[in-house]
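**Q** Here the protein sequences line up with chains A and B, keeping their order.
Taking this note's numbering, the leading residue of the first sequence gets 2, the next gets one more, and so forth.
Taking this note's numbering, the leading residue of the second sequence gets 395, the next gets one more, and so forth.
If you're looking for bench data, these hints aren't it; they were derived computationally from the structure.
All of these numbers come straight from a predicted model, not from anything done at the bench.
For glycine and all other residues, C-beta sits at the position ideal for the given N, C-alpha and C.
Be a bit skeptical, because a hint or two may be false.
[Unchecked claim] Here are some of the chain A residues that sit facing chain B, going by a computed Cβ distance under 8 Å:
1. P42
2. S43
3. F55
4. F69
5. V85
6. L105
7. Q109
8. G110
[Stated by the list, open to error] In the DSS-like style, the derived pairs of lysine-lysine whose C-alpha atoms are separated by at most 27 Å in a straight line are:
9. A/K39 / A/K4
10. B/K497 / A/K71
11. A/K17 / A/K39
12. A/K17 / A/K104
13. B/K456 / A/K104
14. A/K39 / B/K497
15. B/K472 / A/K104
16. B/K465 / A/K104
17. B/K409 / B/K456
18. A/K4 / B/K497
19. B/K472 / A/K71
20. B/K472 / B/K497
21. B/K465 / B/K438
22. B/K497 / B/K477
23. B/K497 / B/K465
24. B/K497 / A/K104
25. B/K456 / A/K39
26. B/K465 / A/K4
27. A/K4 / B/K409
28. B/K465 / B/K409
29. A/K104 / B/K438
30. A/K71 / A/K39
31. B/K405 / B/K465
32. B/K405 / A/K39
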Amino acid sequence: AQKVTQAQTEISVVEKEDVTLDCVYETRDTTYYLFWYKQPPSGELVFLIRRNSFDEQNEISGRYSWNFQKSTSSFNFTITASQVVDSAVYFCALKEEFQGAQKLVFGQGTRLTINP
Amino acid sequence: EAGVAQSPRYKIIEKRQSVAFWCNPISGHATLYWYQQILGQGPKLLIQFQNNGVVDDSQLPKDRFSAERLKGVDSTLKIQPAKLEDSAVYLCASSLEPGGDEKLFFGSGTQLSVL
């Protein structure tokens with residue numbers, strides 16, 4: 002069963018617009034970790050944020066903010082005042098224990114295009 | 395600090411040929427991962443090493459894929475024989491420890507095309 006769902010395959014907005022990328026996850030663990038990674042055209046995944054299941058505080062880092070809601074199993078990512086450099090594929094990921102190992106499972110990704 | 399190094403960057407082979415990818419993780423990182431990323435999909439874990447031991451290889455197609463990390467540092471992933479469906483980007487990642495909140499550092503990947 003798919004553990005991380007990013008329903009938006011592609012999003013295209015004009016520069017300076019705000020945009021929210023959705024992420025819904027599924028887990029039976031009470032302890033788990035959520036991540037967002039950015040994959041620019043160069044191909045290298047870049048870590049953006051991690052959240053553990055006990056910390057539901059929203060986080061803001063510059064133009065980026067994250068909304069974690071356990072009640073809806075969602076971990077959404079908002080970019081405020083988007084810029085062309087934000088264009089990339091963004092992945093939400095869930096890390097949980099599986100057969101004694103910590104396993105990181107990625108969603109399908111959302112391709113974000115910011116047009117000038 | 396040097397990042398995760400991977401080579402080659404691109405590889406084109408014909409089906410039934412063999413191919414090998416190399417990865418050198420960040421110095422001091424005990425955990426190394428190989429992911430397969432098919433176009434339009436998220437990365438899928440193939441194998442995870444803790445030092446030179448295998449922690450998880452449940453999704454590695456063992457009839458054709460093999461991986462090793464002999465001295466607990468760099469690693470090689472091999473495909474023999476390759477199939478058309480193996481066309482993908484193979485990403486190597488490393489982390490300091492395998493703990494739950496440890497973030498992964500990724501290399502730029504090897505893009506494999508099987509013709």
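**Q** What hint numbers does the structure not satisfy?
**A** Structure breaks hints 1, 3, 4, 5, 12, 19, 22, 25, 26, 27 and 28.
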